[in-house]
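Undergrad: So you can see what is in the structure, the chains are spelled out below.
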Amino acid sequence: MSETISFRQEVANLLYASEGEPLNTCIQCGTCSGTCPVAPYMDYTPRQIIAMINQGMKEQVLESNTFWYCASCYHCTVRCPQDINITDLMYALKRYSIWKGQHKEGLIGPTFSEAFVKMIVRTGRSFEPVLAPSYIFSFGMRELLLEVQGATELLLKGRLPLLPSRIKRLDNFKRMLGRIIPMGGLE
Amino acid sequence: MKKEFAYFPGCSLEKMAISYHMSAIETTKKLGVHLKELEDWNCCGATTYSYIDELLAYTLSARNLAIAEQTGLDVVAPCSACYKNMYFTAAHLKKDPDLAEHINFALEEDNLHFTGSVGVKHLIEVFAYDIGPEELKSKVVKPLTGLRIAPYYGCQIVRPQKDHEDVELPQFFEEILSAIGATPVNYPLKMRCCGGSLIISSRPAALSMVRNLLQCAVDSQADVVATACPMCQVNLEVYQQQVNQEFGTNFSVPIMYFTQLIGLALGIPQKKLGIGKEFVAATPALLRLEQAGAAPDQETKE
Amino acid sequence: MTKKLLIIDDDPDFVSGIKAILDTGGYEVDVAYNPKDGLRALQAKKYDLLLLDIMMGRGAEGIMIARKMRKDAKLREIPVLIITGMREQIAFLFPGEPVHPRFVDVDEMVEKPVEPKLLLDKVQNLIQAAEAKKAAK
Numbered sequence: 054m055s056e057t058i059s060f061r062q063e064v065a066n067l068l069y070a071s072e073g074e075p076l077n078t079c080i081q082c083g084t085c086s087g088t089c090p091v092a093p094y095m096d097y098t099p100r101q102i103i104a105m106i107n108q109g110m111k112e113q114v115l116e117s118n119t120f121w122y123c124a125s126c127y128h129c130t131v132r133c134p135q136d137i138n139i140t141d142l143m144y145a146l147k148r149y150s151i152w153k154g155q156h157k158e159g160l161i162g163p164t165f166s167e168a169f170v171k172m173i174v175r176t177g178r179s180f181e182p183v184l185a186p187s188y189i190f191s192f193g194m195r196e197l198l199l200e201v202q203g204a205t206e207l208l209l210k211g212r213l214p215l216l217p218s219r220i221k222r223l224d225n226f227k228r229m230l231g232r233i234i235p236m237g238g239l240e
Numbered sequence: 017m018k019k020e021f022a023y024f025p026g027c028s029l030e031k032m033a034i035s036y037h038m039s040a041i042e043t044t045k046k047l048g049v050h051l052k053e054l055e056d057w058n059c060c061g062a063t064t065y066s067y068i069d070e071l072l073a074y075t076l077s078a079r080n081l082a083i084a085e086q087t088g089l090d091v092v093a094p095c096s097a098c099y100k101n102m103y104f105t106a107a108h109l110k111k112d113p114d115l116a117e118h119i120n121f122a123l124e125e126d127n128l129h130f131t132g133s134v135g136v137k138h139l140i141e142v143f144a145y146d147i148g149p150e151e152l153k154s155k156v157v158k159p160l161t162g163l164r165i166a167p168y169y170g171c172q173i174v175r176p177q178k179d180h181e182d183v184e185l186p187q188f189f190e191e192i193l194s195a196i197g198a199t200p201v202n203y204p205l206k207m208r209c210c211g212g213s214l215i216i217s218s219r220p221a222a223l224s225m226v227r228n229l230l231q232c233a234v235d236s237q238a239d240v241v242a243t244a245c246p247m248c249q250v251n252l253e254v255y256q257q258q259v260n261q262e263f264g265t266n267f268s269v270p271i272m273y274f275t276q277l278i279g280l281a282l283g284i285p286q287k288k289l290g291i292g293k294e295f296v297a298a299t300p301a302l303l304r305l306e307q308a309g310a311a312p313d314q315e316t317k318e
Numbered sequence: 789m790t791k792k793l794l795i796i797d798d799d800p801d802f803v804s805g806i807k808a809i810l811d812t813g814g815y816e817v818d819v820a821y822n823p824k825d826g827l828r829a830l831q832a833k834k835y836d837l838l839l840l841d842i843m844m845g846r847g848a849e850g851i852m853i854a855r856k857m858r859k860d861a862k863l864r865e866i867p868v869l870i871i872t873g874m875r876e877q878i879a880f881l882f883p884g885e886p887v888h889p890r891f892v893d894v895d896e897m898v899e900k901p902v903e904p905k906l907l908l909d910k911v912q913n914l915i916q917a918a919e920a921k922k923a924a925k
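Chains as they are written, first to last, in the working numbering: chain X, 54 to 240; chain R, 17 to 318; chain D, 789 to 925.
Just chain X, same shape as in the assembly (with noise of 0.2 Å):
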């Protein structure tokens, strides 16, 4: 029980804690990568980094967009014929990387993805304006005017909000997740 654990095992807890161990069943056969629409935009593709986890490069696949990159369509999900939970190892990848503070430089995702739980937790609910200065400024200054653009639109045609909503019972709603996520800024 002592002995050290692979990468792969290591990837395994985070994923199958509760279930087994699937990963090391992998074929390679490549159905993922073809199925997945966003292949051509990751570093390596979904089937390179089952094969990089497997062979235990750690490092490299810690770094990879690969994983933020993962729409979550789930439709290599569907395909795998090995029963592989692929959408679900793109989100323990996320959050392992997250925890370990060794996320890829210069993406949005894990920015948008703190906006937008932040947002969550202060008022429990999400609400567009309120996430765009946080991921804004990751944009070049033409996709910057797009996105004023789109949003006067959107609110010309009485499609984005002024105010945030907020539900009523915040207070319990704010203990609650300080349960599950155990923390002091929460309260």
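Please note that the accuracy of each hint is not assured.
Said to hold, decoys possible - Subject to a maximum C-alpha distance of 27 Å in a straight line, what follows is the list of computed DSSO-like cross-link-like pairs (lysine-lysine):
1) R:K153 to R:K19
2) D:K859 to R:K111
3) X:K210 to R:K293
4) R:K153 to R:K137
5) D:K856 to R:K111
6) X:K210 to R:K19
Just so you know, these hints were derived from the structure itself, not from any lab.
Assemble chains R and D onto chain X, guided by the hints.
TA: Coordinates of chains R and D only, in the frame set by chain X:
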């Protein structure tokens, strides 16, 4: 047929997808189904963060499920991400008593408890299965004859797979469109992803995904793309202009909620269905429909 | 008699470091790398102290374990030393905020990275305090 459901609109439907909310309420009312909005519901965490911390994700959805259980009704979500999150939270908590115990420990803070009694449905399932195409057809007063509609399923209605549902080529969306007299076109990318929250975090990837979906709609000679998810609608519609700028294309494809189309066929005035709030006006396509002889209600047009 | 310790932590690099420190203190150390194996180990064998990580598996599963132990008549007696890089891990969400699972009774917290002497002192003190408490009953 079940006449009443607890209704979890989700954050998008408060404003961004207000026309989905309006048309959902109007169409179900017309068909004798009551959607009772959940009291004091919270954000489900969407796809962005929720599953990065799974325990947090389960807690967010479990609160809504527990509130729904108090009504004794099954809960319906119009947003595919909300639906997926609620459905699988309920499934995981039912399967794992230790997990349920811990999440319920958190819910105690809001005097709530999840027992597992609540059923979870997507809004489109209410039309496809609870109401059904036959019943829907019998209520149509203005069939959308000749309107070519691309049924865009997107991802999370049928993925991940539940029970033994068809995740490759489902047909229920087409059946709904046929029931209202429209022509569901063969839309080969109907199960492909719109990019979801990548539109914010990885824009070039998401824009190319949106472009592919729009191109496929044009190739299928669709007049309109029908969606059942606010995220899909926003990505395909609000970012259409950016796709055109980025790729030098000239798309002008109206993206409508399936409930807006059903509403038209049921004779509900356009304004009550939120038609007119879209970026790519649906009016030209609807006018063609009118000229073809099957006039949808024009009286209340702005 | 040699004291038996259990570490429940998902990070093998951290575990090997901390285990090396505890080995120098003459302890017998077992390791579980996920929450499920950890609970199984606690139920299978008698330990004098548990060193517990917080962020594991699906989220803050360390808290789930601590709560479960406090409800178990036998496991309740085992002192728990929370040992976590939580401040850094959660800095992502709430920078600089301290860990505070005040709804569950844990004995002591140590933050990563751990200073060897401090760790050995805390472990020794906790075991002694637990024994004194037991003897007083």
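Undergrad: Now tell me if each hint is right for this structure.
TA: Structure-based check of each hint:
1. For the suggested pair R:K153 and R:K19, the alpha carbons sit about 18 Å apart, so the restraint of at most 27 Å is met.
2. For a cut-off of 27 Å, the pair hint linking D:K859 to R:K111 stands: about 22 Å separates their Cα positions.
3. Restraint check: the Cα-Cα separation between X:K210 and R:K293 comes to about 5 Å, which is no more than 27 Å; the hinted pair holds.
4. For the hint pairing R:K153 with R:K137, the CA-to-CA distance comes to about 22 Å; that is within 27 Å, so the pair holds.
5. Note on D:K856 and R:K111: the hinted pairing holds, with a Cα-Cα distance of about 18 Å set against a maximum of 27 Å.
6. Taking the CA atoms of X:K210 and R:K19, the gap is near 33 Å; set against the 27 Å cutoff, the hint is violated.
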